[in-house]
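**Student:** Residue strings, one per chain:
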Amino acid sequence: MNEWLYVAMFIVVGLIIPVGAITAGYIFGPKKPNPVKQSTYECGIEPVGTAWIQFKAQYYIFALVFLVFDVEAVFLFPWAVKLGQLGLYAVIEGIIFVAILVVGLVYTWRKGMLEWA
Amino acid sequence: MVPLSWYLILAALLFSIGLFGVLARRNIIAILLGVELMLNAVNINLVSFWRYSDVFSMGGQVFSIIVFAVAAAEVSVGLALVISVYRRRNTVIADEVDMLKW
Amino acid sequence: MNFWNDPLRVAAEWLEGIFAGWGMDAVAAHVLVVFLGVLLLIIVLMALDVFLVWVERKVVARFQDRLGPNRLGPFGLIQPFADIIKLIIKEDTTPGDADKVVYNLAPILSMMSVLILWAVVPLAPVMLGTDLNVGALFIIAAGAIGTLSIIMAGWASNNKFAMIGGFRQVAVMVSFEIPMLTMLMIPVIFSGSMNMNVIIQAQDPVPFWVLSPLGALIFLIAAIAELGRAPFDLAEGESELVSGFNIEYSGMKFGMFYAGELLHAFTFGGFWAILFFGGYRFFGLEQVSPFLAILILIFKAMLGYWVIMWVKYTMMRIRIDQMLAFNWKFLTPLAFALLLVTALVNALLASAPAWFYTLSMILANLFTGWIALEIARSATRSERERIEGVKKPVEAHH
Amino acid sequence: MTAQQIIFLFVALFTLISAVMVVTTRNLVHAALWLVSTLFGVAVVYALLNANFIAVVQVVVYIGAIAILFIFAVMLTRRDMRDTGPQMNKNWWAGALVAALTFAGLVSLLQEWSGFSKTASDFPSGFDAMGLLGEALVSPDAYVLPFEVASVLLLAALVGAVYVAFNPRSGDSQK
Chain A
548 MNEWLYVAMF IVVGLIIPVG AITAGYIFGP KKPNPVKQST YECGIEPVGT
598 AWIQFKAQYY IFALVFLVFD VEAVFLFPWA VKLGQLGLYA VIEGIIFVAI
648 LVVGLVYTWR KGMLEWA
Chain B
256 MVPLSWYLIL AALLFSIGLF GVLARRNIIA ILLGVELMLN AVNINLVSFW
306 RYSDVFSMGG QVFSIIVFAV AAAEVSVGLA LVISVYRRRN TVIADEVDML
356 KW
Chain C
372 MNFWNDPLRV AAEWLEGIFA GWGMDAVAAH VLVVFLGVLL LIIVLMALDV
422 FLVWVERKVV ARFQDRLGPN RLGPFGLIQP FADIIKLIIK EDTTPGDADK
472 VVYNLAPILS MMSVLILWAV VPLAPVMLGT DLNVGALFII AAGAIGTLSI
522 IMAGWASNNK FAMIGGFRQV AVMVSFEIPM LTMLMIPVIF SGSMNMNVII
572 QAQDPVPFWV LSPLGALIFL IAAIAELGRA PFDLAEGESE LVSGFNIEYS
622 GMKFGMFYAG ELLHAFTFGG FWAILFFGGY RFFGLEQVSP FLAILILIFK
672 AMLGYWVIMW VKYTMMRIRI DQMLAFNWKF LTPLAFALLL VTALVNALLA
722 SAPAWFYTLS MILANLFTGW IALEIARSAT RSERERIEGV KKPVEAHH
Chain D
4 MTAQQIIFLF VALFTLISAV MVVTTRNLVH AALWLVSTLF GVAVVYALLN
54 ANFIAVVQVV VYIGAIAILF IFAVMLTRRD MRDTGPQMNK NWWAGALVAA
104 LTFAGLVSLL QEWSGFSKTA SDFPSGFDAM GLLGEALVSP DAYVLPFEVA
154 SVLLLAALVG AVYVAFNPRS GDSQK
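Protein chains in written order, with this note's numbering: chain A, 548 to 664; chain B, 256 to 357; chain C, 372 to 769; chain D, 4 to 178.
Simulated from the structure, these hints should not be mistaken for laboratory data. Quantities reported herein were computed from a predicted structural model and do not represent experimental measurements. It is possible that some hints are incorrect.
Reference excerpt, derived from the structure (chain B facing chain A, CB under 7 Å, subset only) [as the list claims (entries may be wrong)]:
#1 258
#2 304
#3 308
#4 324
Derived contacts from chain B toward chain D, CB cut-off under 8 Å, selection only [claimed, not checked]:
#5 264
#6 265
#7 290
#8 293
#9 297
#10 337
A virtual CB, placed ideally from N, CA and C, is assigned to each residue, including glycine.
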């Protein structure tokens, strides 16, 4: 429990410092808002519409592949910690585990989903 | 020390809120958000049972990691279905997805 | 046990004694002391951060054959303070169409995600910070919050450039997290623990960069991408995206992103040193005094930071499709191959003599890297022949 | 009340309020961000339970990957981010009723169980949760089969999702 106390303190102080800095900027900076200044920056051209529009589907694919391999790494971390004591059969289990997932990567690759088209 | 019952009640509340989200929301993505809450409630139960019974049997922790994998699979396929449906029907409202009716 | 051998404990006991003298509860006194210690560390870090602005500007100037800041104070050392005053008295504009709460939360979370990384950094043998048994994964967890802050900044600004920049940055960060996670497992395999201090102690005769040079290299590449620095700074893209996700931020909020980026780079220099170069260890010098150990760690982190800067100011920016192809088609498979080869050699030679084990590890690394480069070379050659083979008849028609 | 109990109540309140915001907020990006804060609260609950690995993994997987995927999916499925129309079903009250009944049923069921309010014992000295977890995941008489099956599950999810969402023949056919 004690170790998480440090982490909690880091989170608390890590929030206080930027909040304090931004508040200092808010106090000392001038505040003269006007509609032109507050309009969205678009290289000096009048902004057209909102930015909250539909996005490129390719980003989703990479987030998807990332999610799958992220979970895979989570499974491998306890395996890596104990690897020194477990011997060869644990290594073979790990190889099987990774090989199954690499099939997924190869499938995605072959389908042309890793291209930025 | 916090008794086990507190964790179980927290998990039950979280599960019920998630269930409400699944039943009441119209948007499919919002429904999936509710499912995530329910999976988290399950995980709280698994980990607290591990902590409050024999800590040397790691079943609770192992199964909560399996739940992470299940959640990842559920989200990736679920959201892929949503995107696929959106591309065909241009909607993300659950009631309007009735292609399987006939 | 005196102040010079174990300064933190002496100071903590002294302070707790004072607080207890004021009639404070023992637990509350402990919590307060921890809070003060963390506050002190973070204030020192922020002061270092100010100094890093100067270092960065000076180093980039030297790389580009300029002088850099040299007007304010000796060697321009006062310059960063002038920058800070400027940032504080600048007007803080918020776009009218922005999502105000999320917009203001993003720079705070960005800075916090960098600062909490220091919770797991062992500064000296007696200054462990947190002795967390999942320290290696904690780095990735903090990075997850950083990723989130970037997508929040990009989305909440309601600006097309910010949105595209944020999306690109998130794509880079999540993609390169996979090789980074995989390479984090290599020190874990060697030391048998995810605790940062145990990882440092396990590098007693042989630091891990000797055992796994390829692993250290892949970790550095992934760290540079995670930082969003050149050659992976396609989210910034001054010419096409005008600085990316933080385009709408001004004043101190922009300062938080900027300072966070510099401190993040320095921190990853430190993690590179801890995971592969023995952290605070330097031929037993760290046992002399904890202060010397901290100096060694800062020196090593500065070296790592210097390498990151060197790469930044030497390389060109690559395109997003090149970046993603490089990661998913080359670096990720290579990282997995290296992990499995390391695990295999580690298991096969567990009882071999140390020199043989070390030599085999080095050879296995070099061999894996060579095979990967050969495969990449033949693949690019056939790709080039395919493209040029298609091109030639088209040109002949003209 | 001990300090730990106060911390637990605070965290639980934070988690539950965020969870309620997830299911009631109109703006879906906000709902996803509230989900992040719920998940963070759950991570703190794991830390309170001394499950360090699960707590960190919660942040890595849920906040770092699943929440990002949700935000991407929200942005991919809207022509316009402003929400129009009702976000709730016509019979949302029935959902609320079912949820309340579920909660009441769960609590009444749990209350009859003898171990409902037991307290945890301290960890034995030298307890190495990470090592035990690693052993449990790969030793043949423990959980090696779930370990490998999880890999197959993830493979199926990846292949299925890539096929469903981005089959070139079916995509954009009815624009």
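**Student:** A separate judgement is required for each hint: does it hold in the structure or not?
**Tutor:** To see whether the hints hold, each was checked on the structure:
{"no.": "1", "hint": "258", "in the structure": "violated, 16 Å"}
{"no.": "2", "hint": "304", "in the structure": "violated, 19 Å"}
{"no.": "3", "hint": "308", "in the structure": "violated, 19 Å"}
{"no.": "4", "hint": "324", "in the structure": "holds, 5 Å"}
{"no.": "5", "hint": "264", "in the structure": "holds, 6 Å"}
{"no.": "6", "hint": "265", "in the structure": "holds, 5 Å"}
{"no.": "7", "hint": "290", "in the structure": "violated, 11 Å"}
{"no.": "8", "hint": "293", "in the structure": "violated, 10 Å"}
{"no.": "9", "hint": "297", "in the structure": "violated, 11 Å"}
{"no.": "10", "hint": "337", "in the structure": "holds, 6 Å"}
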